[in-house]
Amino acid sequence: EAQVTQNPRYLITVTGKKLTVTCSQNMNHEYMSWYRQDPGLGLRQIYYSMNVEVTDKGDVPEGYKVSRKEKRNFPLILESPSPNQTSLYFCASSLSRQGEGYEQYFGPGTRLTVT
Amino acid sequence: SQKIEQNSEALNIQEGKTATLTCNYTNYSPAYLQWYRQDPGRGPVFLLLIRENEKEKRKERLKVTFDTTLKQSLFHITASQPADSATYLCALDDYKLSFGAGTTVTVRA
Numbered sequence: 001e002a003q004v005t006q007n008p009r010y011l012i013t014v015t016g017k018k019l020t021v022t023c024s025q026n027m028n029h030e031y032m033s034w035y036r037q038d039p040g041l042g043l044r045q046i047y048y049s050m051n052v053e054v055t056d057k058g059d060v061p062e063g064y065k066v067s068r069k070e071k072r073n074f075p076l077i078l079e080s081p082s083p084n085q086t087s088l089y090f091c092a093s094s095l096s097r098q099g100e101g102y103e104q105y106f107g108p109g110t111r112l113t114v115t
Numbered sequence: 001s002q003k004i005e006q007n008s009e010a011l012n013i014q015e016g017k018t019a020t021l022t023c024n025y026t027n028y029s030p031a032y033l034q035w036y037r038q039d040p041g042r043g044p045v046f047l048l049l050i051r052e053n054e055k056e057k058r059k060e061r062l063k064v065t066f067d068t069t070l071k072q073s074l075f076h077i078t079a080s081q082p083a084d085s086a087t088y089l090c091a092l093d094d095y096k097l098s099f100g101a102g103t104t105v106t107v108r109a
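Heads up: the sequence lines are chains F and D, in that order. Residue numbers 1 to 115, in our numbering, belong to the letters of the first sequence in order. Residue numbers 1 to 109, in our numbering, belong to the letters of the second sequence in order.
Here are some chain D residues pointing at chain F (derived, C-beta under 7 Å):
{"id": "1", "residue": "Tyr32"}
{"id": "2", "residue": "Leu97"}
{"id": "3", "residue": "Gly100"}
The hints are simulated quantities; they were obtained by calculation from the structure and are not laboratory data. Computed from a predicted model, the values in this text were never measured in an experiment. Glycine included, every Cβ here is placed at the ideal spot set by N, Cα and C.
Just chain F, same shape as in the assembly (with noise of 0.2 Å):
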């Protein structure tokens, strides 16, 4: 079956405490990439890839890194996990990058608490 994981899908940490959710797909998909969603702003990408290598910041880059090592992971990090990193995550793939149409499949989200 086609599909996105993610990795915890539900999380409670502590500020300052470094944090990893993993992302991966079997769909050998070129595009992936991060979004969180808050109530009432939608949703708001965080990072993308390109491919194998190729990364890049989108709209709400600070406090969060990633990688791409494999094509089918894409993990999140948060370094030092602050309060207002409190919100839904969600990975997403695609064939291609955006803008050519491609439709993103998502993951089941992970929602991640920072007190």
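Start from chain F and add chain D according to the hints.
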């Protein structure tokens, strides 16, 4: 950057009626416009895509229109069912994908 506005209020409709959702944007028209469905606590799921040179697209009970003059897309759910209750997101697909905040639809039996 684009400002995207979807119906500000939630939509409550009776089963069998047509739900009409709006998506307005402010700047240049994107090459494509996409619509997604999102259920509570789950990731968005792709529904339909319409190109800037297409006026209308249909898929089963769903219909999307795209008016680049008005800078607006309309999303219709005909013969609505309680199972259609969800939040619907529009997304402008240009050099990047920009999402609206969504409209929550509740269909009453």
